[in-house]
Amino acid sequence: MTRRRKTGRGVKWLSHYSSEQSILVVGDGDFSFSLALATAFGSGVNIVATSLDSYEALIGKYSKAELNVMELKTMGAKVLHHINAKSMMRHSFLETRRFHRIVFNFPHSGFKGSEYEMHVVISHRELVKGFFTNARYLLQPYGEIHISNKIGYPYDSWNIEQLALESSLTMIGRVSFQKQDYPGYNQKRGDGARSDQPFPLGYCCTFKFQDHKEVQERSVVYRCYICHISSYYHYDCVGCGATLGLGNGGPLHLAYR
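Position one of the sequence shown corresponds to residue 1 (this note's numbering), numbered consecutively onward.
Check the hints yourself; a few may be wrong.
Stated by the list, open to error - Taking lysine-lysine and the BS3-like style, the derived pairs with C-alpha atoms no more than 25 angstroms apart in a straight line are:
id, residue 1, residue 2
1, K213, K188
2, K188, K64
3, K12, K73
4, K61, K12
5, K213, K73
6, K86, K112
7, K73, K112
8, K188, K150
9, K129, K213
10, K86, K129
11, K73, K61
12, K86, K61
13, K179, K64
14, K61, K188
15, K78, K64
16, K78, K213
17, K179, K78
18, K129, K73
19, K188, K112
20, K73, K179
21, K188, K78
22, K61, K78
23, K150, K61
24, K12, K86
25, K61, K179
26, K150, K112
27, K179, K12
28, K179, K213
29, K12, K129
30, K112, K78
Since the hints were made in silico from the structure, they are not lab data.
Hey, can you work out the whole structure from these sequences and the hints?
Here it is as structure tokens:
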């Protein structure tokens with residue numbers, strides 16, 4: 001079931017994201033993830049959607065990319081091409097802006113061999129590490145960096161949490177990624193003759209990170225009454241992914257947002 005809600009102030013939510021947040025989406029393939037957010041919010045004015053490809057390469061790879069880009073622009077989103085996740089903080093448009101959420105779904109450094117080969121794993125790690133360094137610079141105070149990735153071998157060997165720590169980021173939550181939460185989103189292979197085809201997701205999660213110092217400032221211990229795991233993170237249960245908070249003077253399991 002798609003997780004959507006609307007507050008009394010007219011703020012619209014889709015899963016972890018709201019219409020009042022400034023959101024940077026990195027490496028968005030055919031731009032279908034950004035469009036899913038804008039469609040749910042009824043506006044794209046707070047969304048900056050990016051791709052590594054040029055516009056010409058983009059529409060050559062993906063059958064729906066041209067239409068998706070047009071719809072995003074019509075809804076007020078900013079669309080950028082030729083954005084490298086490892087150097088984006090120096091981009092003329094991005095360098096003066098700060099975001100509440102920075103999202104990179106299924107980062108991939110390219111098809112350079114089998115996913116199980118160490119040189120390929122190292123290449124993926126370098127991409128993620130470079131992304132963390134740049135994304136941290138572009139965060140609003142108490143903003144969050146989200147990476148969605150597959151779980152299991154060889155993806156666990158990317159050591160995403162350790163790469164984040166090396167960039168002074170702390171994981172504040174890990175929740176299951178459900179494609180159906182983002183109607184219209186289509187993950188793409190992104191390269192080669194099958195670039196427009198989806199790749200199998202399997203079991204995957206969204207990892208959430210914040211600046212380490214900000215986490216320390218706000219951290220208290222919560223105990224999840226559903227899965228009984230204690231956590232120093234200030235809202236997401238690392239066990240079941242539910243949102244935690246304080247209520248009636250003690251830990252309270254809140255509705256998942």
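Hints that the structure is at odds with (numbers, increasing)
Those not satisfied are hints 1, 4, 5, 7, 16, 18, 24, 28, 29, 30.
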